[in-house]
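Let the hints inform the model, and build the full structure from the sequences given.
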Amino acid sequence: MIRYIRWCAYFCALLLAALLANLARVQVWESAAYGANPANKRPAIERYAEPRGDILVDGRPVTGSRDSGQLLRYERTYTNGPLYAPVTGFSSQTYGTSFVERAEDQVLSGTDPGLSAFPLWYELSRGRPAGGNAVTTVRAAVQQAAYAGLAGKRGAVAALDPATGKILALVSSPSYDPAVLSGTGTKVKDAWTALNADPARPMLNRALRETYPPGSTFKIVTAAAALDAGVVTDVDAPTRTPDPYPLPGTSTLLPNAGTGCEDASMAEAVQWSCNTVMAKIGVQVGLRGMVEAARRFGFNGGEGLRVPSWVSRSNFDTDMSQDQLALSAIGQFNTKATPLQMAMVAAAVANGGEVTYPYLVERTTQDDGSQVRRGDRRSLGRAMNPATALRMQELMVNVVENGTGRNAAIPGAVVGGKTGTAQHGVGNAGTPYAWFISWAKAEGAPLPQVAVAVVVEDASAHRGDISGNGAAAPIARAVMEAALSG
Amino acid sequence: MSALTAKVAEPAPPPPPGAGAPKRRGVELTLLTGAVLISVLGHLYVGLATTGRIPGPATRYAAGLSAAALLAHLAVRIRAPYADPLLLPIAVLLNGLGLVLIQRLDVTTPGHLTAGDQLLWSALGVALFVLVVALLRDHRVLQRYAYLSVAVSLVLMLIPVFFPAVNGAHIWIRFAGLSFQPGEFAKILLAVFFAAYLAANRTALALTGRQLFWKLRLLPGRVLGPILAIWLLSVGVLVLERDLGTSLLFFGLFVIMLFTATGRIGWIAIGLLLAALGAYAVGTFEPHVHSRVDDWLNPFASIERGEGPGQLAQSLFAFGAGGLLGAGLGHGQSFLIGFAAKSDFILATAGEELGLVGLAAILLLYGLLVARGFRAALALRDPFGRLLATGLASIVALQVFVIAGGVTGLIPLTGMAMPFLAQGGSSVVTNWIIVALLVRLSDSARRPRPGKEPAE
Chain W
1 MIRYIRWCAY FCALLLAALL ANLARVQVWE SAAYGANPAN KRPAIERYAE
51 PRGDILVDGR PVTGSRDSGQ LLRYERTYTN GPLYAPVTGF SSQTYGTSFV
101 ERAEDQVLSG TDPGLSAFPL WYELSRGRPA GGNAVTTVRA AVQQAAYAGL
151 AGKRGAVAAL DPATGKILAL VSSPSYDPAV LSGTGTKVKD AWTALNADPA
201 RPMLNRALRE TYPPGSTFKI VTAAAALDAG VVTDVDAPTR TPDPYPLPGT
251 STLLPNAGTG CEDASMAEAV QWSCNTVMAK IGVQVGLRGM VEAARRFGFN
301 GGEGLRVPSW VSRSNFDTDM SQDQLALSAI GQFNTKATPL QMAMVAAAVA
351 NGGEVTYPYL VERTTQDDGS QVRRGDRRSL GRAMNPATAL RMQELMVNVV
401 ENGTGRNAAI PGAVVGGKTG TAQHGVGNAG TPYAWFISWA KAEGAPLPQV
451 AVAVVVEDAS AHRGDISGNG AAAPIARAVM EAALSG
Chain P
487 MSALTAKVAE PAPPPPPGAG APKRRGVELT LLTGAVLISV LGHLYVGLAT
537 TGRIPGPATR YAAGLSAAAL LAHLAVRIRA PYADPLLLPI AVLLNGLGLV
587 LIQRLDVTTP GHLTAGDQLL WSALGVALFV LVVALLRDHR VLQRYAYLSV
637 AVSLVLMLIP VFFPAVNGAH IWIRFAGLSF QPGEFAKILL AVFFAAYLAA
687 NRTALALTGR QLFWKLRLLP GRVLGPILAI WLLSVGVLVL ERDLGTSLLF
737 FGLFVIMLFT ATGRIGWIAI GLLLAALGAY AVGTFEPHVH SRVDDWLNPF
787 ASIERGEGPG QLAQSLFAFG AGGLLGAGLG HGQSFLIGFA AKSDFILATA
837 GEELGLVGLA AILLLYGLLV ARGFRAALAL RDPFGRLLAT GLASIVALQV
887 FVIAGGVTGL IPLTGMAMPF LAQGGSSVVT NWIIVALLVR LSDSARRPRP
937 GKEPAE
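The listed protein sequences correspond, in order, to chains W and P.
Here the first sequence stands for residues 1 to 486, numbered as in the numbering used here.
Here the second sequence stands for residues 487 to 942, numbered as in the numbering used here.
Keep in mind the hints are simulated off the structure, nothing from the lab.
Glycine included, each C-beta is placed from N, C-alpha and C at the ideal position.
Take the hints with a grain of salt, since some may be wrong.
[Claimed, not checked] Across the chosen pairs, the derived CB separations fall in these ranges:
#: 1; chain 1: W; residue 1: Trp-7; chain 2: P; residue 2: Thr-595; range: 41 to 51 Å
#: 2; chain 1: W; residue 1: Trp-7; chain 2: P; residue 2: Ala-847; range: 43 to 53 Å
#: 3; chain 1: P; residue 1: Gly-792; chain 2: W; residue 2: Ile-2; range: 49 to 59 Å
[Claimed, not checked] Within a straight-line C-alpha distance of at most 20 Å, the following computed EDC-like cross-link-like pairs (lysine to aspartate or glutamate) qualify:
#: 4; chain 1: W; residue 1: Lys-187; chain 2: W; residue 2: Asp-198
#: 5; chain 1: W; residue 1: Lys-187; chain 2: W; residue 2: Asp-177
#: 6; chain 1: W; residue 1: Lys-41; chain 2: P; residue 2: Glu-790
#: 7; chain 1: W; residue 1: Lys-41; chain 2: P; residue 2: Glu-793
#: 8; chain 1: W; residue 1: Lys-441; chain 2: W; residue 2: Glu-481
#: 9; chain 1: W; residue 1: Lys-153; chain 2: W; residue 2: Asp-198
Structure (structure tokens):
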């Protein structure tokens, strides 16, 4: 019997070995796959187990965390949600994250390895450092001015510091309160459905994600291209342009909104926003020259900008006939730009021709404020020669002082600007978009401190550059005033 | 040359009379102190990790556990001084760890606190342990009650049929707010019966019977008949009650004990074959079992159907989340498993929070307990004692394998309680009685035989 008892014992040992081997399979080999299974709630539970770090504007948090007592415990709160929604985006247990909430998610949720001096310790202890903060470049006063200016209208504002690329304001109107998307449950689902069904599209970040025909504001790009290419050497020389201007190779006549454009100089053409002159100059620069100039300003960026949220690609067609090129040179045809891109155009002029990479997150910090990473000034290259930039500054100042952009003038400051009215829709039937791009420097300051692009979608039906000046320029002025007084 | 060999082979001088095998009660006390200490520290750790405070009843818990361990130790010291010193400490440690895990799960299910009940049941278990060790002076007494045992065990198994099913199985009886699984006790009684019957009829079973072919001889029906009938009856009742785990356990127990008694491996093979056919039939035609088998073959099917993870998938997720080192006591999410987290799936919590390392340690503790049972079986001299020790050790081993294999996806899941670890009163009490019997058997095994010289 002894022998058989031994065999039974061996059999039990075999069972134990099988158990241990299978456990090793489940807990070591399959562990990662189980963790990655979308039905496994653990990652979500862990993610929301601690309060999320905050997004800061002017050093003060515009976000918060609330203990919901639910499985996914901490939910996001927003102070002044609609004002900062285009910056913060939302953070939702149900719908994920967007904008800075998404771009800096690792820091905010505490999973960024930079949050700990000893990442290995957290690896071993299975703990997690407290969520870090994202300090934005946005300035509350500038943001407020832009938001107040757009109140009741559809549109967007992007404001930059031209020298550094810091984004000072990013506003989209109408906006929404991202707080309604925090958490789980039917209320959140209903809010999401309602926001998506709203024809005004409140969740669309128009400053970064919507592209508009830039209209006459694009003439700044065309003028700079002409000066750099030597097509125009004297901005005050007459250009011998007929009014209306027959588009090359067609019988279509391109008109002007106002009068006095016949045979005008480029300076006058910018001042009064002459379509005819700028279209002709664009054709003279040629397709390759125009495409190259637009690219240098940031159009057609292959991978698109990241600020750190991705920005829609602004477009200037690379394959066009002469008449299409003429229309594109005045910001029509297929030319499309985000408000941020047009703010970069104004900033390039203000910054002596250099385009700085726009960025929204000044730095990320640990819970205690010590720095994790900082967003640095980066150059995107040179859009035009410094001499061209100086000449363009003069032209833009002239627009505000003597031309179509008088509504942007600020006493005691140098302001350069350009109006725009973009036709769109089938047969240009849509209400035109009113544009204004500008920059400003306080009297005595060495460099312009702010560049702005404003677009108002539902501008009153006054055609021509009047609407850019009427609807968009006052908003730009308020934004620039707020930036200069800071 | 032969003289030299003879000299070497000469046995060591016999120990002086009265000394016998070392008693090792001091070792037992030291190990017990360690087991109590680990459990109390685990209790404190769970409190600190989940609520940030030392749990309120910590002092009572520590005092209760120490008192229980001390009482059990005194009973062994007085009544079974030669008992194996590992058995009691392993039982105390496993029971203590079980209480820690249940207390930890109580934190996430505040509406359904069970640690208190489990503590009471454990106390009752220890009390019965003391009672068995104190009153049962010689295990051979049990041999006399073989037929009484089998009668009582069949009655116990049949009772739940008359009570409403709980979670699809007719294995509980509810009485005065307490729920109870009589089948748990039946397994000890059945082991006693098998051991007694096989010990009495061993020779007839091993040597008689008509030759079929080669070495295979038909077992004599007169001897095999009664035991086969009882075994079939018990398994039949269990299948009727849908207690698959216990029917699997009874089948395994019967085969192991029959093999130990007769050494007939051919019959075991035929038994296994028949069992496999039966299992296949049940697994195909019985919907309750069929779904268990489906779950085992594809634990994530419900996720693919969009119904969310089932219990087994959640259990696997929990084990996976534990990884090698575990999330730490109180830091896991095993409550996601749902209602059986404290009972059938308690190992998932251990796996998630203690990791592969902790779980392997727990399984090795069971392995050690079983090994010590077999060791007693080997050292015992009477066939009944050997068979009983083998049977009891096998019960523990099979239970651990069936439930641990089930929750980790090694075999289809059958509801059963992890000995000592899982929440469940009848299970804890029964396992304490098993350990008490093993203590008694090991004491007999290691006790020096009076008046008999060690060497022949």
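Checked hints:
For the pair W:Trp-7 and P:Thr-595, the beta carbons lie near 44 Å from each other, so the given range of 41 to 51 Å is met. As the Cβ distance of W:Trp-7 to P:Ala-847 is approximately 27 Å, the hint placing it in 43 to 53 Å is violated. At about 57 Å, the CB distance of P:Gly-792 to W:Ile-2 agrees with the hint of 49 to 59 Å. Proximity of W:Lys-187 to W:Asp-198 is assessed by CA-CA distance (about 16 Å); at most 20 Å being required, the pair is judged to hold.
Distance restraint check for W:Lys-187 and W:Asp-177: the Cα-Cα separation of roughly 14 Å lies within the 20 Å cut-off, and the hinted pair is therefore satisfied. For a cut-off of 20 Å, the pair hint linking W:Lys-41 to P:Glu-790 stands: about 15 Å separates their Cα positions. For the proposed pair W:Lys-41 and P:Glu-793, the alpha carbon gap of about 14 Å is at most 20 Å, so the pair holds. Restraint check for W:Lys-441 and W:Glu-481: the C-alpha separation of about 10 Å stays at or below 20 Å, so the hint holds.
With a C-alpha separation of about 15 Å, the suggested pairing of W:Lys-153 with W:Asp-198 holds against the 20 Å cut-off.
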